[in-house]
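Colleague: Sequence:
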Amino acid sequence: MIRAAVEAGKQVDVFADETRPFLQGSRLTVWELQQDRIPTTLITDNMAGHYLKSGRIGCVVVGADRIAANGDVANKIGTYSVAVLAKENRVPFFVAAPVSTLDLTLACGDLIPIEQRAPAEVTHVFGQPVAPPGAAAANPAFDVTPARYITAIITENGVARAPYEESLRQLMNQAAVIR
Numbered sequence: 001m002i003r004a005a006v007e008a009g010k011q012v013d014v015f016a017d018e019t020r021p022f023l024q025g026s027r028l029t030v031w032e033l034q035q036d037r038i039p040t041t042l043i044t045d046n047m048a049g050h051y052l053k054s055g056r057i058g059c060v061v062v063g064a065d066r067i068a069a070n071g072d073v074a075n076k077i078g079t080y081s082v083a084v085l086a087k088e089n090r091v092p093f094f095v096a097a098p099v100s101t102l103d104l105t106l107a108c109g110d111l112i113p114i115e116q117r118a119p120a121e122v123t124h125v126f127g128q129p130v131a132p133p134g135a136a137a138a139n140p141a142f143d144v145t146p147a148r149y150i151t152a153i154i155t156e157n158g159v160a161r162a163p164y165e166e167s168l169r170q171l172m173n174q175a176a177v178i179r
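Position 97 of the sequence shown, counting from 1, maps to 97 under this note's numbering, and the rest follow consecutively.
Any given hint could turn out to be false.
Below are the DSSO-like pairs computed for lysine-lysine, each with C-alpha atoms no more than 27 Å apart in a straight line [to be verified]: (1) 53 x 76; (2) 87 x 76; (3) 10 x 87.
To be clear, the hints were calculated from the coordinates, so they are not data collected in a lab.
Working from the sequences, and respecting the hints, build out all of it.
Modeller: Have a look at this one:
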């Protein structure tokens, strides 16, 4: 989506979250954007509220691992927090995902199983301990963003808007026709 905006001549400046515990934002997102020469500023996850409030962010774009029939979206942990902050600061929140992530057999996001990953991913960074020995740690890999926080879901078959039960079904029907 960002590449398409640049190709369309839009001026784009990306703020990429670091996304703990694996720092994919810094290791992958920033690297990919640099390869395309798209201006990017790396921030930590806990800086999102500051920048959303500042007025420097025009919209938020996230991916999705799974999308329920009502438009609830499971994505990398921390997505829900950014969605709430975006709504509070009146910043549009978009999900860009392939139709293959739609799971219309699930009525809502509460039915999406959330993977719990190893606590050591939180207590250690690249093998180095950052917490006291024996510290308990929780490590859900994903969270679910309720549809009410999502401005639109953008797929290769079009854009879905609320009510998502209808618009997502239409996108799935289009996908079936295209295949």
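Colleague: Each hint should be assessed against the structure and marked as holding or not.
Modeller: Outcome of the hint check:
| no. | hint | in the structure |
| --- | --- | --- |
| 1 | 53 x 76 | 22 Å, holds |
| 2 | 87 x 76 | 18 Å, holds |
| 3 | 10 x 87 | 24 Å, holds |
Checked against the numbered hints given earlier, this structure breaks none of them.
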